[in-house]
Amino acid sequence: MLSVEDINIYYGNIHSVKNVSFTVEEGNIVSLIGANGAGKSTILKTISGIMRSKSGKILFKNENIENTEPYKIVRNGLSHVPEGRRVFLGQSVYENLEMGHYTQPKSTFKERLEFVYTKFPRLKERRKQPAGTLSGGEQQMLAIGRALMVMPKLLMLDEPSMGLAPMLIHQIFDIIKDLNKKGITILLVEQNAKMALNISNKAYVLETGKIISSGDSKSLLQDNIIKTAYLGG
Amino acid sequence: MLFFSQLINGLQLGSIYALIALGYSMVYGIIRLLNFAHGDILMVGAYVALFSLTASFDPWLVITLTIITSTLLAIIIEKVTYTPLRNAPRLSVLITAIGVSILLQNLSQFFFGASGRPFPVHLLLEPTVFNFFGININNNSIITIIVTIVSMIVLTFIVKRTRLGKAMRAVSQDLDAARLMGVNVNNVVTFTFAVGASLAGIGSILYALRFPLISPNIGGILGLKAFVAAIVGGIGSIPGAMIGGYTIGILEVLVITFGLSGWTDGVVFLLLIIVLMFKPTGIMGKNIAEKV
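In the order they appear, the protein sequences are chains A and B. The C-terminal position of the first sequence is numbered 265 in the numbering used here, with every residue numbered one higher than the one before it. The C-terminal position of the second sequence is numbered 301 in the numbering used here, with every residue numbered one higher than the one before it.
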C-alpha cells in the first residue's frame, strides 16, 4: 500500500529525518513510535506532500508520490489526520466535514456523511455547532471523521491520543481498530507506545530521525530495550 | 437636514473605502500579506474607465472592461511577483507589494501624464439631484450605496456557499489543514486576489463618480485609508472591512462638516493609532487564542 524508501528530510539546515525506510501493507495497522522530536510527524507531513524529502521514494499504491501536489494525494485516497487535530474552529461540524469531502465527487457526499455520523453519533448531534466549542475528544472525532470523508485507502493518524483522558483514548483506539476491520489501512504515529503496539500489527521505533528498531508489535512489546525506553519498565 | 445629507455623503465615501478594504482584508486573511498595490489597481481601473468612456463605449461595456482589467491586472501581479515569494519571509513580500505600488504609479505617470484628467461623469450617468423630504441627494450617492451593498451580498454568498469560497475560509483559518483536505492553495490565492480586484474595479468607477479627477497618485492615499478601514474593522474579517469602511467614511465627513476639512487624513490616522492602542485586533477581530 505504502512504501517509503530512504527518505531524508531537512528543516533548513537541520537534518531531521535520516535514511528512513518502511512499508505499510494493505489491511494492516502500522505504528511509528518514538519520543518528541523523533521525526514522526515530519514523516507523515512528507507523505501527504506538505513537506518534501531531499532523496528517496514514496510509493503509494505503487505510484511515486514524492513530488505530487498534496491535493492529488488526498484525492487518491490517502488521508492525514494531523497532530493537534487542526479542525477549522470557526466553522461548524458540518462545514468541517464538507471540507473533508472537498476533493470528492458530489454524488458521494450524503452516503459518506451518514457513514461518519453512524461512526460518531456525537458529531451528528453537534453538526451545527462551531468546532471550536467541542471538547478535545469530540474535536479528535471530528478530525478523524473529516479524514474519512474521502473514504481513504490509507488513513494516517498523528497522535490521536494527545491531550485526551484515558477513557477517551480507549474509545478513539477502538474506533481505529474498527475502521481497520472495515478495510482501511492505518499508519499510526504515537507517543503512547503501549497503546499503539497493542493495536498494531507492525511497528517502527524512531529516535532522533532514525529507525532504531522494528518488527511485529507483539515482539516489540516484549523487547527489553523498548520496555525500558518507551513502556515505562 | 444637514445631518442627513452629510450622513448620505459619509455612507457614499464609506462605501468606496469598504469596497477597497475588503480586498485588503481578504488577501491578508489568506496569505497574511498587506497588498499595498491594491489601491493602485483601483487607479488603473479608473483610467480604463476614463479612456473607454472618452472613446464613447457603451456604459455597460465600460463597467465590464474596467472590472475585467482590474481583475486581470491583479492576477498577473500575483502570479509574477507574489507567487515566487510564497515561502519567502513576510517582510520581503511586503516590500515587494510596496514596490509594485510604486511601479504602477510610475508607469501610469509615464503613459498618462502626472496631472489629473477630468472624468467624464456625464457620459456614464447624468447627474441628478433628488429632493427627498427636504434633503438633497445626488443620484451617484444612491447608486454607490446600492452597488456596494449588492456587491457585499454577492461576496458573502460567494464566501459562504461556493466551493472556492469555502476553501477560502478554510485556508484563512488553517492553511496546512486546508491543504490536507485537498485544497489547491494556489488556486484559492489567485481567486482571492481576483475577487478583491473586481471589487476594486467596481470601486474605481464609484470613486470616479464622486471625485471626477483621475491622476496616478489617487490609489496611494485611498489605499492607505482603506487599509486603515480594514485594520479598524479587524483585518481578515469581511464584515469588519465593511464596518471599518463606513466608520472611516462617516468620520471623514463629520470632520469636514465641522469645518476642519484639512484635518481629515490626520483624524483617520489618529483613529488608527487609537484602535491599535486599545483594540489592536479591530472591531470584529478575534483574539487569537492558541489551544494546545
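In case anyone wonders, no lab produced these hints; they're calculated from the structure. Yeah, the Cβ is synthetic: ideal placement off N, Cα and C, and Gly gets one too. There's no promise every hint is true.
Simulated crosslink set (DSSO-like; lysine-lysine; CA at most 30 Å straight-line) [said to hold, decoys possible]:
#1 Lys160(A) / Lys169(B)
#2 Lys104(A) / Lys93(A)
#3 Lys214(A) / Lys234(A)
#4 Lys86(A) / Lys88(B)
Here are some of the chain A residues that sit facing chain B, going by a computed Cβ distance under 8 Å [to be verified]:
#5 Gly44
#6 Ser80
#7 Arg84
#8 Ile97
#9 Glu101
#10 His112
Comparing the hints with the structure gives:
About 15 Å separates the Cα atoms of Lys160(A) and Lys169(B), which keeps this hinted pair within 30 Å; it holds. At most 30 Å may separate the alpha-carbon atoms for a hinted pair to count; Lys104(A) and Lys93(A) meet this at roughly 13 Å. Between the alpha carbons of Lys214(A) and Lys234(A) the distance comes to roughly 18 Å, so the proposed pair stays at or under 30 Å and holds. Under the criterion of a C-alpha separation no larger than 30 Å, the hint pairing Lys86(A) with Lys88(B) is consistent with the structure, at around 26 Å.
Nearest Cβ of chain B to the Cβ of Gly44(A): about 12 Å, over the 8 Å cut. The hint is violated. Using the Cβ-Cβ criterion of 8 Å, the hint placing Ser80(A) at the interface with chain B is satisfied: the shortest such distance is roughly 6 Å. Checking Arg84(A) against chain B by beta carbon gives a least distance of about 11 Å; that is not within 8 Å, so the hint is violated. At about 14 Å, the closest approach between the beta carbon of Ile97(A) and any beta carbon in chain B exceeds 8 Å, and the interface hint on this residue is violated.
For Glu101(A), the suggested interface contact is upheld, since its CB lies about 7 Å from the closest CB of chain B, less than 8 Å. Because the smallest distance between the Cβ of His112(A) and any Cβ of chain B comes to about 5 Å, under 8 Å, the interface hint for this residue holds.
In summary, the numbered hints that this structure violates are 5, 7, 8.
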